[in-house]
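**Q** One letter stands for each residue in the lines below.
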Amino acid sequence: MSASSGTALTAGDYIGHHLVHLQNKKQTTLIDFGVVNLDTIFWSVSLGMIGLFLMWRVAKSIHSGVPGRMQAAVEMLLEMVDSQAKGIVKNAESRKVVGPLALTVFVWIFLMNSMDFLPVDLFHTIFKYTGIDHNIEYFRVVPTADLSATLGMSCGVLLVCLFYNIKIKGFGGWVHELFSAPFGDKWFLYPVNFLMQMIEFAAKTVSHGLRLFGNMYAGELLFMLIALMGAVGFGSATGIFLFIGHILAGTGWAIFHILIVALQAFIFMMLTLVYVGQAHDHH
Amino acid sequence: MENVLGLVALAAGLIIGLGALGACIGIGIMGSKYLEAAARQPELMNELQTKMFLLAGLIDAAFLIGVGIAMLFAFANPFVLK
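For the record, the sequence lines run as chains V and C.
38 is the number that the numbering used here gives to position 53 of the first sequence; each next residue is one higher, with no gaps.
1061 is the number that the numbering used here gives to position 12 of the second sequence; each next residue is one higher, with no gaps.
There's no promise every hint is true.
As the list claims (entries may be wrong) - Mimicking SDA-like on lysine to any residue, the simulated pairs with C-alpha atoms at most 25 Å apart in a straight line are:
(1) V:113 <-> V:189
(2) C:1100 <-> V:186
(3) V:71 <-> C:1071
(4) V:81 <-> C:1124
(5) V:11 <-> C:1128
(6) C:1100 <-> V:65
(7) C:1100 <-> V:165
(8) V:189 <-> V:18
(9) C:1100 <-> V:152
(10) C:1100 <-> V:120
(11) V:10 <-> C:1127
(12) C:1100 <-> V:69
(13) V:75 <-> C:1094
(14) C:1100 <-> V:212
(15) V:81 <-> C:1094
(16) V:71 <-> C:1095
(17) V:152 <-> V:133
(18) V:75 <-> V:11
(19) C:1100 <-> V:113
(20) V:189 <-> C:1124
(21) V:11 <-> C:1124
(22) V:75 <-> V:166
As the list claims (entries may be wrong) - According to the in silico footprint, chain C covers these stretches of chain V (three or more CB under 8 Å from chain C):
(23) -1 to 10
(24) 248 to 255
Don't read these hints as lab results, they were simulated from the structure.
Keep in mind it's a predicted model, so treat the numbers as computed, not measured.
Glycine included, each C-beta is placed from N, C-alpha and C at the ideal position.
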């Protein structure tokens, strides 16, 4: 356990300690745009760089002969994303932008979700041994388990959707659709239509971000609970069963989590494509 | 204080339990339909499998969001002032 003070911590303290972000200032209200989660920014930006660098390196060394393992993997990924994009976004012009966007989203989120596989206390222990744990008391490594990161990404997708709505239908056409879309082009239906459209946009964006957040947050918490079980087992004489349980549960959850990590990245990518594809539909 | 803690514990149990109920029924129905469809038209199996996994993630999501919130209530309880 990363008890920096050496005193006994309760389970709630341990979990609570791991759920605080490294922030520039303390959050006091529910919505405060002045608060920056520095750990989230650091990991998301550096993982984005790593993803881009990997893709760039493969793209640079690509050749038409027998592909290496890395090239084959990237080609499979590219084909998978491309076939999904072709099925959902019919407009070839938009696909030049949306296809790479979907690939980037998939790789980026996959890398960010994968941070969950690192041991829960790894960075706290590193900070402790390097002696900087006085400066960095709180640190979370999974950027997608931060609501501000996932909602930020889903808001980005919303902006792309709005852009394509205006680009495909024209500003006038889009406004017309906002007021006449689900129920019909009658003047007394305009308020209901507009309300429905606004609810649709809000629900899409919020559920898009919350889905990824909820999955990763629950996964991270379960890893913490499993780590806690091992820590409790380590301290006591009869704790050998707890320790065995810790290993079994940790293995099981980590294997199941590989599925969740890939699946949630895939779902985020698919929903991005679906929402952009919907922006192309004429009513 | 204790009263609030007890109620929150009950609420966390209800969130996880009812969420699991719904998610399991949903996954069960979807899985049985997938198997039926795959038995009827085996050549569609791969295509359907992708869609099944996508839907499994969508069905699971609400439950896992619930689990996350319930865990938050259990360990970093916002209703009890520290």
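**Q** The structure should be examined with respect to each hint, and the outcome stated for every one.
**A** Results for each hint:
Proposed proximity of residue 113 of chain V and residue 189 of chain V is contradicted: the alpha carbons are some 42 Å apart, above 25 Å. Distance hint between residue 1100 of chain C and residue 186 of chain V is fulfilled; the C-alpha atoms sit about 23 Å from each other, no more than 25 Å. For a cut-off of 25 Å, the pair hint linking residue 71 of chain V to residue 1071 of chain C is broken: about 33 Å separates their Cα positions. Taken as a hint, the residue 81 of chain V and residue 1124 of chain C pair is broken in the structure, with Cα atoms around 46 Å apart against an allowance of 25 Å.
For the proposed pair residue 11 of chain V and residue 1128 of chain C, the alpha carbon gap of about 19 Å is at most 25 Å, so the pair holds. Among the hinted pairs, residue 1100 of chain C with residue 65 of chain V is consistent with the structure: their alpha-carbon atoms are about 13 Å apart, no more than 25 Å. Proposed proximity of residue 1100 of chain C and residue 165 of chain V is contradicted: the alpha carbons are some 31 Å apart, above 25 Å. With a C-alpha separation of about 22 Å, the suggested pairing of residue 189 of chain V with residue 18 of chain V holds against the 25 Å cut-off.
At roughly 30 Å between alpha-carbon atoms, residue 1100 of chain C and residue 152 of chain V are farther apart than 25 Å, so this suggested pair is violated. A hinted pair counts as satisfied when its Cα atoms are at most 25 Å apart, and residue 1100 of chain C with residue 120 of chain V does not qualify at roughly 47 Å. Between residue 10 of chain V and residue 1127 of chain C the alpha-carbon distance is near 19 Å, which keeps this suggested pair within the 25 Å criterion. At roughly 11 Å between alpha-carbon atoms, residue 1100 of chain C and residue 69 of chain V fall within 25 Å of each other, so this suggested pair holds.
For the given pair, residue 75 of chain V sits about 24 Å from residue 1094 of chain C by alpha-carbon distance, which is consistent with the 25 Å threshold. Our distance criterion of 25 Å between C-alpha atoms is broken by residue 1100 of chain C and residue 212 of chain V, whose separation comes to about 34 Å. Only pairs whose Cα atoms come within 25 Å are accepted, and residue 81 of chain V paired with residue 1094 of chain C is rejected, the gap being roughly 29 Å. At most 25 Å may separate the alpha-carbon atoms for a hinted pair to count; residue 71 of chain V and residue 1095 of chain C meet this at roughly 17 Å.
Between residue 152 of chain V and residue 133 of chain V the CA atoms are separated by roughly 28 Å; this puts the pair beyond 25 Å, and the hint is violated. Simply put, residue 75 of chain V and residue 11 of chain V have alpha-carbon atoms about 47 Å apart, too far for the 25 Å limit, and the pair is violated. The suggested pairing of residue 1100 of chain C with residue 113 of chain V is violated, with an alpha-carbon distance near 46 Å, which exceeds 25 Å. Only pairs whose Cα atoms come within 25 Å are accepted, and residue 189 of chain V paired with residue 1124 of chain C is rejected, the gap being roughly 29 Å.
In summary, the hint linking residue 11 of chain V to residue 1124 of chain C is supported, as the alpha carbons are separated by about 20 Å, within the 25 Å threshold. The straight-line distance between the Cα atoms of residue 75 of chain V and residue 166 of chain V is roughly 21 Å, inside the 25 Å bound, and the hint therefore holds. For the segment -1 to 10 of chain V, the stated coverage by chain C is satisfied: 3 residues place a CB nearer than 8 Å to a CB of that chain, which reaches the threshold of 3. A count of 5 residues in the segment 248 to 255 of chain V with a Cβ less than 8 Å from any Cβ of chain C is obtained; the coverage claim is therefore met, three being the minimum.
The structure fails hints 1, 3, 4, 7, 9, 10, 14, 15, 17, 18, 19, 20 (numbered hints given earlier, in ascending order).
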